[in-house]
Structures are given as structure tokens and as C-alpha cells.
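All chains, full assembly: derive it from the sequences and hints.
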Amino acid sequence: MATYSCVVGPLARVHVTFVEELKTYTEETAKEIAIKHLTSTECETWMTMQANTTRKMEWLLGRVALKEAVSDFMLETQLTTVHPKDLVISRSEEGAPIISWAVPNELPLPVISLAHTEGVIVAAVASAEAVGVDVENADRQAPTVARVLTETETKLYETERITLLSAVVAKEAASKAVGIGLGGDLRRWPIVHTEGDQHFVTCVDDEEIALIVDFLDVPNLVLGICIVV
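Using our numbering, read the sequence shown as starting at 1138 and increasing by one per residue.
In the DSS-like style, the derived pairs of lysine-lysine whose C-alpha atoms are separated by at most 27 Å in a straight line are:
#, residue 1, residue 2
1, LYS1173, LYS1160
2, LYS1160, LYS1193
3, LYS1168, LYS1193
4, LYS1173, LYS1222
5, LYS1168, LYS1222
6, LYS1193, LYS1222
7, LYS1222, LYS1160
8, LYS1193, LYS1173
Simulated from the structure, these hints should not be mistaken for lab results. Keep in mind the model is a prediction, meaning the values are calculated, not measured.
The structure is reproduced here in C-alpha cells:
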């Protein structure tokens, strides 16, 4: 795996990990990765998971990426060395990843978010209330998205202030940051404005929600992060 880190202001970091095709990982290699990074409980969960090889590797490498991102963040911001096995990743009721200590520790941990697309895993960490991240390969075709754009989004698209992929990524990142999720409907999260590398997103279910999604300059990817402070 090859990873590099993007700094997003003083609050957040994004780790981008390029992985081989998930089916190419041998069982022995996967076990070595699991034993090195997972707690015994997490390792047992992974080994007994009823899923195909691709899904199991996606689950495993996602947790590895999150733990490595948190470890690097803790070392940088709090000068504290954290081993991957010191951390446990669970899920909220909505399915969002949550990081906690494997044993009691008073040091605060950052909030986290995870995204993946073919060949890429993205882990975001932030000292904030919440964070959401999403990613797409820049060459992905998404013509059907145009059918569900709002009138405002259509104008932004026609004037090249958004793309179909940036619209999808912005909506996904914003919905992850709030912890609600897209709910299968892109129209729930309209983009109302853009400015530079930022998309401004709201939610039709809550007029008070107003979020900013920052797009990072990563070659061949459309990558957006939403930080709630």
C-alpha cells in the first residue's frame, strides 16, 4: 500500500491510500495485516466475517487506514505515539465509524470518516465536532446524476462551477459529516453555492444545516472533506 497525507487547515488531515486490487491479497498477507493492526476482538470479527474476499479486504484495509491516520494525527498534534492496537473502531447506529481507546485513556481522540473507491481508500481525521469525506476516481462516468440535479445545481453545472462527480462527492461528504447519510436520494443534499474549491451544501430535512465541502487537489481523484466545528 502507498499512502500520503493532505493537511486541511489546522484541524484535519486526510490520508489517501492506493491499494492493489483487493482480490490479489493472499490469505497469508491479509492475516499478517490483521494481526499487526487489529485488536484481538477486531481480528476475530474479521476472521469470522461472512463476506467475500473483496468485502473482507475492504473492511480490513479501511480500519488499517483509519488507525494509521489517527496514529499520525496524535503524534503530530499531541506528540503521543499510538499503536494501531491501542485503538478500536466501531460503528454508530447510522453506520459511521467511531474511534475509541482499546484500554482507558484520557487523551481525546479525533473524529474520523472513511471513504473508498476502486483502488483507493481515504481516511479523514479532525479535531472537530464531526468530519465527513468522500472520493471518486476522476475518470468515473456518472451521467445519471444530471437527472437529479436541482435547478441551482444545473446552472452551476452548465457554468462549469461543479461537475457531476463533485456534486456526488460534496453531497456524500456533507451527509457523512452530519451522520445522517444520503438516504438513497442525492436531492436531499442540495448544493446552493460554490466558491473556489468549496461547495456549499444544505439539507432539505433541516433548514439550519449549512455545510462547506473543501475539495483537495489530488491527481486523478475527486476528493472532498466536510468539517463541522
